[in-house]
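Asks: Protein sequence lines, in the order shown, are assigned to chains A and B. When we follow numbering that gives the first Met the number 0, the leftmost residue of the first sequence carries the number 0, and every step to the right adds one. When we follow numbering that gives the first Met the number 0, the leftmost residue of the second sequence carries the number 0, and every step to the right adds one.
Simulated from the structure, these hints should not be mistaken for laboratory data. What you are looking at is a predicted structure, and each value in this text was computed from that prediction instead of being measured.
Reference excerpt, derived from the structure (chain B facing chain A, CB under 10 Å, subset only):
hint : residue
1    : F84
2    : T227
3    : S228
4    : P302
5    : H389
6    : G396
Using N, Cα and C, we set each Cβ at its ideal position, and we do this for glycine too.
Listed here are the chains, written in short residue letters.
There are 2 protein chains.
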Amino acid sequence: MVSPLAVPLPALPPVAGVRLAAAAAGIRYVGRTDLVLAEFAAGTSVAGVFTRNRCPGAPVDWCRAALVGGAARALVVNAGNANVFTGAAGQVSTRATAVAAASVAGCVPGEVFLASTGVIGEVLPHERIVAALPGLHASLADDAWEQAARGIMTTDTFPKASTRTAMLGGSSVRVTGIAKGSGMIAPDMATLLCFVFTDAAVPAVTLQKLLRAGVDLSFNRITVDSDTSTSDTVLLFATGEAGNAPEADVAAFGAALNEVLLDLALQVVRDGEGAQKLIRIDVTGAVDDRSARRVALSVANSPLVKTAVAGEDANWGRIVMAVGKAGEPADRDRLSVGVGGVWMAREGSVVPGYDEAPVVAHMRGREIVIAIDLGLGGGHDTAWTCDLTHGYIDINGSYRS
Amino acid sequence: MVSPLAVPLPALPPVAGVRLAAAAAGIRYVGRTDLVLAEFAAGTSVAGVFTRNRCPGAPVDWCRAALVGGAARALVVNAGNANVFTGAAGQVSTRATAVAAASVAGCVPGEVFLASTGVIGEVLPHERIVAALPGLHASLADDAWEQAARGIMTTDTFPKASTRTAMLGGSSVRVTGIAKGSGMIAPDMATLLCFVFTDAAVPAVTLQKLLRAGVDLSFNRITVDSDTSTSDTVLLFATGEAGNAPEADVAAFGAALNEVLLDLALQVVRDGEGAQKLIRIDVTGAVDDRSARRVALSVANSPLVKTAVAGEDANWGRIVMAVGKAGEPADRDRLSVGVGGVWMAREGSVVPGYDEAPVVAHMRGREIVIAIDLGLGGGHDTAWTCDLTHGYIDINGSYRS
Chain A
0 MVSPLAVPLP
10 ALPPVAGVRL
20 AAAAAGIRYV
30 GRTDLVLAEF
40 AAGTSVAGVF
50 TRNRCPGAPV
60 DWCRAALVGG
70 AARALVVNAG
80 NANVFTGAAG
90 QVSTRATAVA
100 AASVAGCVPG
110 EVFLASTGVI
120 GEVLPHERIV
130 AALPGLHASL
140 ADDAWEQAAR
150 GIMTTDTFPK
160 ASTRTAMLGG
170 SSVRVTGIAK
180 GSGMIAPDMA
190 TLLCFVFTDA
200 AVPAVTLQKL
210 LRAGVDLSFN
220 RITVDSDTST
230 SDTVLLFATG
240 EAGNAPEADV
250 AAFGAALNEV
260 LLDLALQVVR
270 DGEGAQKLIR
280 IDVTGAVDDR
290 SARRVALSVA
300 NSPLVKTAVA
310 GEDANWGRIV
320 MAVGKAGEPA
330 DRDRLSVGVG
340 GVWMAREGSV
350 VPGYDEAPVV
360 AHMRGREIVI
370 AIDLGLGGGH
380 DTAWTCDLTH
390 GYIDINGSYR
400 S
Chain B
0 MVSPLAVPLP
10 ALPPVAGVRL
20 AAAAAGIRYV
30 GRTDLVLAEF
40 AAGTSVAGVF
50 TRNRCPGAPV
60 DWCRAALVGG
70 AARALVVNAG
80 NANVFTGAAG
90 QVSTRATAVA
100 AASVAGCVPG
110 EVFLASTGVI
120 GEVLPHERIV
130 AALPGLHASL
140 ADDAWEQAAR
150 GIMTTDTFPK
160 ASTRTAMLGG
170 SSVRVTGIAK
180 GSGMIAPDMA
190 TLLCFVFTDA
200 AVPAVTLQKL
210 LRAGVDLSFN
220 RITVDSDTST
230 SDTVLLFATG
240 EAGNAPEADV
250 AAFGAALNEV
260 LLDLALQVVR
270 DGEGAQKLIR
280 IDVTGAVDDR
290 SARRVALSVA
300 NSPLVKTAVA
310 GEDANWGRIV
320 MAVGKAGEPA
330 DRDRLSVGVG
340 GVWMAREGSV
350 VPGYDEAPVV
360 AHMRGREIVI
370 AIDLGLGGGH
380 DTAWTCDLTH
390 GYIDINGSYR
400 S
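Required output: the full structure, derived from the provided sequences and hints.
Replies: Shown next as structure tokens:
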């Protein structure tokens, strides 16, 4: 069943220097695509941001090492097996996959990037990937975006993509991303994968700086259940085919990149396990932005706030609790809490006789906005999450068959 | 419906110098007790530990201030209204209640301790408490333990108490505690209250040291949903009526206190919202104890681990994820994970052909033990939690009527 918060796939024009293909390699699923290959033009630079989990999967180790070279010619993504906690066999699989992909793409293994999501603790049957790669390579096309967006899905309920253009060094460049996340395969956890492609010419060092900043404004401000996957990976590939002047002012490009990343991050929340509502938490009046962010994420991660939203209950008492538990500077008697543009509590106590009708109507909607003003300073930030519903328990707590 | 993890109330002999009474004051509930008074002999010393939430309720502020005096003659606890986020009115209520209780107990208001749980943001109708106090005082008795344990409940499904004896300064002393927690009243969150009474003579400074250490070993090692109430309060009253020599070796007394606190803490987890299983997480092999504790709590707070246990799924992949997200030193290739005494994964990969039968049987039980060995050092610790079930969503996400 598709999430009620799903958005349609946008039109996705080609990105010069990027070709894609997807196939059913039978890694775990039957009768659906589970393997995606992307090939990049010579000269493509790459940046990456990975999970902070201390027990990362073998593909994350591989990408971190490959990133040192700063150059990319191919990306291989499989669904159904995460290649996590597989010991030495995990490294054998990543190397074998990269060598095979390098062979079809005509590059060195260090220019191949890898990502896997799915079951944990089972050896990845990389021979199926290796066997499928020549056929995949033969079918590469510049318009296979939907196939690629679907091919990386696990139990995502809709494919996720976003695209923007920007002017860079006198040329129009395109930034297109696909992502998967918040689905899961027993016995596994939701994992975020995001791949962004641009025809812009941007050196790897600049690309890395832009990607880190963009992820910080997007994927690092969303949460579904506070659990951190062992496989989270965001990669950005820049083919340079747009022919723009290198080292030009990258502000507009960075802005377009940030929009694509935020759009994809919110699509992941919209597909959060069991999600019925998208929740935005705006924090103002904090002592600084960092403090605002911690308060926003504390509210976003509170099971009691998330269940209240699921129940369409504008429960500002739980919001106060979640603000207080963040451990950041907060003064109960200066704190204001609002929902849907109506302040329910101001400066330490409930607003007597506030108009509940618009609040009730807002809580019945699909997109909920919570406003928190700490009344202490000029710090502000925003986080996004989804509600916590029976659907989450159904997906993650179903009895093993 | 009583929690399937409930334990029966133990026999609770009197504690010299402590008298208790409970009554229905109509604070919010109809037809049930919601007000408890305890009176202590002259010379009673007191210690307290409170929520770290930055937006505490007015009674927490009151107790923190009163604690400076180190002496207690009365305790007033109400259920149904938390007196949280009530602005200046909250302070008016705490003062009026303390003054009225001091009047019936024949002490000063600073020797009265207060605790409230229930609805947030509504002014506490303290005049109902004030009106009920004389009648409550007239009915004080030394055997009203069950009434007191029931009178502090909100939506707890069973009353919680524990008692031990210890030798102190040549005398046998008794330590008896009652607690409530993990129930909730819309729109409110679960709150922990715990009151421990002893006839031992122990100076307030020593008492505070012992209580802080005991809470650290018990209530600070449990979690139901990672949310921190604005009202959490643990108070320890020592009447001195046992006549033991003061300043004697308090090790045995401290051990008895710790047992009472841990027993009560586990009863709170057993009554966790929607709990069907009690989960113990033993971490060994960490670089130090502090690190082990953070790993244990990371696993205990993971929604994906807790839903897996609810589904009776010995999902060690999710346990690995939760270990890794703690941010503590961990080496994937030295990590071992077991359930119910069976190692499923050792030193970085699954144990080939491990015997699943005892694991499956263990997961079907009520008390689940997860073992994690980090393989790095001698640090170890334990945390407790409950599973995350549809019951939690039912209780906290029910639509407002």
